[in-house]
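Q: For reference, the chains in residue letters:
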Amino acid sequence: MSRWRYFFRRLLLSVPVVLFGLTITFVIVRMGPIDPVAAIVGPEGGGASRGRIEERLGLNEPLWQQYIDFMVNMLTFNLGQSWVIQPGRSVESLLMTYAPRTLWLGFWSVLIAICIGIPLGFYAGLNPNTKSDYLASFGGIVWRAMPNFWLAIIILAVLRQSERFFFGLSWQSLGVSNNLIGQPPLDFIAFTDWITVGIISIPVGVYFSFSTLIESIKQVMPAAIVLGSAAMGNEMRIGRTAVLETINSNYVETAKAKGLRDRVIVWKHVFRNALVPLVPIITNEAFILIGGSVIVEVIFGINGLGYLFFQAAVQGDLPLVGSLMFIFIVLIVSINILQDFLYTVLDPRVGYE
Amino acid sequence: MGHECLVSLEMANEIDQSRRTFLKTAGAGAAVATFAGCITDEDPSEEEGGDEGILNRINSTMTSLDPIQSTDTASGEVINQIYEGLTYFPNGGAEVENLLAEEVEISDDLLTYTFTLKEAEYHDGTELTADDFVYAFRRLAESENSERANFILGDIFLAIEHETDDDGAVVPESIGAEAIDDRTFEITLRSANPNALDLLSYDSFSAIPEGIVGDIEGYDGEYEHSEFASEVAVGTGPFEFDNWDPDAEAEVSTFDDYHGSVANIDGVHWQILEDDTAHFTYAMNRSADVFSIPTADYDQSLIDAETDDEGREIGEYGPVENGDMLDYVGVPQLSTYYFAFNAPSVPVEIRQAIAYVLDREELVQNIFEGRGEEAVTFTPPGAFPGGPERRDEFIEDYPYELFETDRDAARDLIESAGYDDDDPYELTLTTYESEVFQEAGRDLRDKLAGLGVDLQLEETPFATLQEQGENGNLEFYSLGWTWSWPAADYGMFGFEPENTNTSLMPGDASGYYLDWHEEDSDASAMAQEAWETVEANPEPEEGQEARNEAYIDMEQAIWDDAVMLPLYHEIAEQFNYQHVDIEPFGTMGDYLQRYNNVTLDE
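As given, the protein sequences belong to chains A and B, one line each in that order. Heads up, the first sequence is in our numbering, so the first residue is 1 and it goes up one at a time. Heads up, the second sequence is in our numbering, so the first residue is 1 and it goes up one at a time.
Worth double-checking, as some hints may not be accurate.
Dumping the calculated DMTMM-like pairs for lysine to aspartate or glutamate here, alpha-carbon to alpha-carbon at most 25 Å [unchecked claim]:
| # | chain 1 | residue 1 | chain 2 | residue 2 |
| --- | --- | --- | --- | --- |
| 1 | A | Lys218 | B | Glu251 |
| 2 | A | Lys218 | B | Glu321 |
| 3 | B | Lys447 | B | Asp420 |
| 4 | A | Lys218 | B | Asp408 |
| 5 | B | Lys447 | B | Glu389 |
| 6 | A | Lys258 | A | Glu245 |
Hints were generated in silico from the structure; no laboratory data involved. Bear in mind that the values here come from a model prediction, so they are computed numbers and not experimental data.
Using the sequences plus the hints, can you model the full thing?
A: What follows is the structure, encoded as structure tokens:
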């Protein structure tokens, strides 16, 4: 099998995964114990309102009919409107509101983890059993061990009293002044002008504010460090092991014997092979950061997708849960495909039988 | 910072608005870039609290800006700044007063209310007319977006005159709301309701411009409903709507042509935060001016306050973490949190035994740091029939131990029911996801240990709890009740034994999940009889005495059968930095407070 056929087969296999995931979502939300109508009505609502709301939401239809409607709507990307969280608001507009916050946070936490964890791990791996290796490894374990929710609360408690802890240096007025809590401003970039060529719109006017960007980064940084901390420790540990393994392998010895310079050996042979075990780690983390950041988001007042998903699930907001699940499933599947694709690039052995 | 900043803030607001339209239309990149710095430097939402005339508050997740759709206090707080109804409770106090109504005339049969309206203007410049109220009331009754239709139609609520079709839906234009002329609005009720004026203060009854949404027959609507619920809000209130970024922030600004006293501040900004740490950090950074303090960061001993004649604690709190002293207001709220039983599922001896071991004082001190008032009767002191003194008198006869644990009495009762430590009675307590009730449940379980009741704890989402309750599947559960107006009536209807029949829920019964009608006891019969007395005496004034006695009989019946164990009444607290001058709020809650009388001084 060629690597392209392998890739294509992976793509095809993802279709039943998506269908199955959607079905399970429907079963859990509609046939489980959570009742969206009760969530809407609240304790003071009467029976009459209940019946009306059921009718409006289409909950009085037979279940199979609801299932078919749900599946058809999702698969045709007709995501519908929220029932409970913000009744009547379209799911797309909710996504457009919440997703950027989470993506911005996720982007920085992945980036921090990669930019600090991997180089540190590689450094430790290239200098095994030295003092700096011990320091880095120990640090990695400590980072890894600190739970997100705890670290978040501690970081907030320290930063809000930063004058007391850092001899009058206040975090809030450092560089650009901002709030410790709340959404990072994401309006540092916007398209101001569009030109339509045929049916495609191309942005031509761009608005960009450097100071808002800096403010936005500063705002998201504490949360990103907390969220990325576990991943950072992980990547550091695995990076170190991977480098140690490759550096002691036969082909590296052969390369040394061949008289290659150390630099070439490290960059061309060691690093590339050491990256292979790191790929699934990074891609998996990317997903955890998108879906699993509920606690950190809420503590820092960022309230993004994770928070929205949690609220929707608890209150039985079927269209919203369904759409978010659908998007998460599609995301997982595509990240997995991307991962396989990266494998085939990094490691030519993958894909051939 | 003073006057200069005020000016620049207004400029920033204008720029901010023009930028939005700008971005939508066209423009050269360079021109935008020149005022980019302006926006970022002057963004009002990013400034520290209080120094620029914006009142900064913290809110929780909001659902909708449509008054007939929102059911939560978080949306309610914002809606109350923008919209107004005929009556209101000033600062959330206990006395209802006229707001958009200048005068009210009530007919002799107590069924017709004629309101003369004030001259008021909407935020878009149009005049308020009686037709707007007809439209608003019709929406509340008829619109599919209305989640409070029972407040206008329901028999225990306003019970406005209306017709229903064969499916039980309201016939369009059939409700008894009529515009006599531009300034005169009249409603007709089906049955006399002593609390009609209190009820009309609820935000769902707010005036909105006629025809703004097309969700009832006869209107096309200027806006889509989804826009009206999230982006457009036009009322007569002291503040105009600016923006709402879901789960991030909301903002309103002062309406200069307000019919009442125009606000001193420039606007109100809410940061939407759900987490306690986030909440406290935001407050301690002085990003919020008026806020609450999460229990984890709260210290009862920092309060230095005195009780005023309305039972409120008013004084100072502090010094807090950042060294400041705060102004403090603590007010007992009209709410009751309780444990209740499905009567036929749990023998009366077991219920009474649990009443004997329950120690409310310990609960309030241990779990809430004293931020609650022990509830002995279901009706809170502020709404108790005959007033708070009558309540104090009444609870002296509490049949169980008031503020301690009596294990011996409990053991005797459990033994008489045929259970003991070797053969314990198995009981499941279902609470919703609240640390407080779980803690209270654990406490109760420990108190019952060795007495012959094996208590299991189960936690479930709120929506699930309700579903289980309606199916009659809850043996022993926790819930709460909040009064929408300060009268015993509201809340007692749920105890009429016939109305607690879960097999009729939802729909034909709307009581608590007690199934008390199945209990063949004197108390149950007494409660049923008392409720019938209430229904037979609807006159607001003359009937009051008879109703009060009946309510007290019902409270007595609840005690005797121990179908419900009230736990505590909430105490709501508000803290503010001392540059804020804000009137203390009242027993109906601070979300009813309108901020047009707040001043900021720094």
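Q: Which hints, by number, does the structure contradict?
A: Violated hints: 4 and 5; rest satisfied.
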